[in-house]
Amino acid sequence: MSPKHRRWTLDATVWIAGFAMAALLVTEAVATDRRASSATNPTWQSECGSCHVAYPPHLLSAQAWRSILQRLDRHFGVDASVDEATASTIGAFLEANAGRAAQGRVEPSTIRITQTRWFRHEHAEVAPSTWNRSAVGSAANCGACHRNAASGDFSERLVRMPN
Amino acid sequence: MNASSAVAAIVLAVAVAGSGLTWAQSPAAISKRYAEAAQRASASFAGFSAQRGEELFQASHGGQWSCSSCHTRNPTAVGKHAKTGKPIAPLAPAANAERFTSIATADKWFKRNCNDVIGRKCTAQEKGDVLSYLMQFKP
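First to last, the protein sequences are chains A and B.
In terms of our numbering, the first sequence has 142 at position 142, counting the first letter as 1, and numbering is strictly consecutive.
In terms of our numbering, the second sequence has 1071 at position 71, counting the first letter as 1, and numbering is strictly consecutive.
What the hints contain is simulated information worked out from the structure, not anything from laboratory work.
Don't take every hint at face value.
As the list claims (entries may be wrong) - Just the calculated beta-carbon pair ranges, DEER-fashion:
| no. | chain 1 | residue 1 | chain 2 | residue 2 | range |
| --- | --- | --- | --- | --- | --- |
| 1 | B | Gly1062 | A | Arg120 | 52 to 60 Å |
| 2 | B | Thr1101 | A | Pro108 | 35 to 43 Å |
| 3 | B | Arg1040 | A | His123 | 25 to 33 Å |
| 4 | A | Ser109 | B | Ala1028 | 45 to 53 Å |
What the hints assert, rightly or not - From chain B, some residues computed to sit far from chain A (all C-beta separations above 12 Å):
| no. | residue |
| --- | --- |
| 5 | Lys1032 |
| 6 | Ala1037 |
| 7 | Ala1082 |
| 8 | Thr1084 |
| 9 | Ala1104 |
| 10 | Lys1108 |
To be verified - One-sided and incomplete, this derived list gives chain B residues near chain A with beta-carbon spacing under 8 Å:
| no. | residue |
| --- | --- |
| 11 | His1081 |
| 12 | Lys1083 |
| 13 | Gly1085 |
| 14 | Lys1086 |
| 15 | Lys1111 |
Please read all numbers here as calculations on a predicted model, not as lab measurements.
Glycine included, each C-beta is placed from N, C-alpha and C at the ideal position.
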């Protein structure tokens, strides 16, 4: 192999390796996002998805979920009470899949998802007036813009803002 | 009786007993259960009234919401949750075959929503009246 050819081969190898690594990291990050949203349980989906999107458990800490389940009869202004067996099933699922405060992902005591650092960071580019559009109503109505929210898919490429 | 017919008898007994617990699986069957409960609660029970049910459904009972705040004034229409905006499938059985097919589910929602709208549990009389109102809608 001539020196020029060898140099070209080396350059090409470095570039290809670099792109491959970048591609791997991106797909890993996206896959992690999907994995995090893929935890599901039929009782949780049925009960917690009946009035709003069933918010993925990793969005709040285990402590926050316990706090919410303890006062379901006063759930952000409405009665969402369930029987004990159901509460137990849902509680176990939520705590097992809750966000880990240790990873800096969630503040332990915040119970309102839209007030978490993560939510505010992710939606910083959304104008306050957007939340008040009649098709949206409030920031709690994920499905207004995240058209696949009901399946736990909040990926940005699927966002469609209503008028 | 040999072992296998004994097992068959037990399975049949359990199935019958189990079905007995869940036999209220239609609007009419649930209405009958509410009537039985209303009769137990008051000797002067005189049946259900769709008119009373409609009044209860549409009224705000001194609070912020009525049943129609979420279910709309027309129970055959798709409703919308007053806080979250989530669509709510029609409530009238004629418009939604899944409604009132489980007394456990019906009672779960009556418990929550009567508490939110009226501030207390609905009585069997009230539940029966509302169900009578909802059942009068035709497909």
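*If you take the shortest Cβ to Cβ gap from B:Gly1085 to chain A, is it below 8 Å?*
It holds, given that the least Cβ distance between B:Gly1085 and chain A is near 4 Å, below 8 Å.
*asked:* Confirm or reject: B:Ala1037 is not an interface residue toward chain A, with every Cβ-Cβ distance exceeding 12 Å.
replied: holds (18 Å)
*With chain A as the partner, please determine if B:Lys1083 meets the hint condition of a C-beta pair closer than 8 Å.*
holds (7 Å)
*At the C-beta level, are B:Thr1101 and A:Pro108 separated by a distance inside 35 to 43 Å?*
Given about 41 Å between the Cβ atoms, the range holds.
*Identify whether the interface hint at B:Lys1111 stands, where standing means a beta carbon of chain A within less than 8 Å of its own.*
Since the shortest Cβ distance to chain A is 7 Å, the answer is holds.
*Per the stated criterion, does the least C-beta distance between B:Ala1082 and chain A lie above 12 Å, as a non-interface residue requires?*
Per Cβ check, B:Ala1082 is inside 12 Å of chain A; nearest 9 Å; violated.
*Could you see if the CB distance from B:Gly1062 to A:Arg120 stays within 52 to 60 Å?*
Between B:Gly1062 and A:Arg120, where Cβ atoms are some 37 Å apart, the hint is violated.
*Taking 8 Å as the limit, does the beta-carbon of B:Lys1086 come near enough to a beta-carbon in chain A?*
Result: holds, 6 Å to nearest chain A Cβ.
*For B:Lys1108, which was marked as not at the interface, is the minimum beta-carbon distance to chain A over 12 Å?*
Since the minimum Cβ distance to chain A is about 7 Å, B:Lys1108 lies within 12 Å and the statement is violated.
*Test the statement that B:Lys1032 is away from the interface with chain A: the closest C-beta pair must be farther apart than 12 Å.*
holds (23 Å)
*Restraint check, 8 Å cut-off on beta carbons, for B:His1081 near chain A*: At 5 Å from the nearest chain A Cβ, B:His1081 passes the 8 Å test, so the hint holds.
*With respect to the beta-carbon atoms only, verify the hint that B:Arg1040 and A:His123 lie 25 to 33 Å apart.*
violated (53 Å)
Comparing the model with each earlier hint shows violations of hints 1, 3, 7, 8, 9, 10; every other hint is respected.
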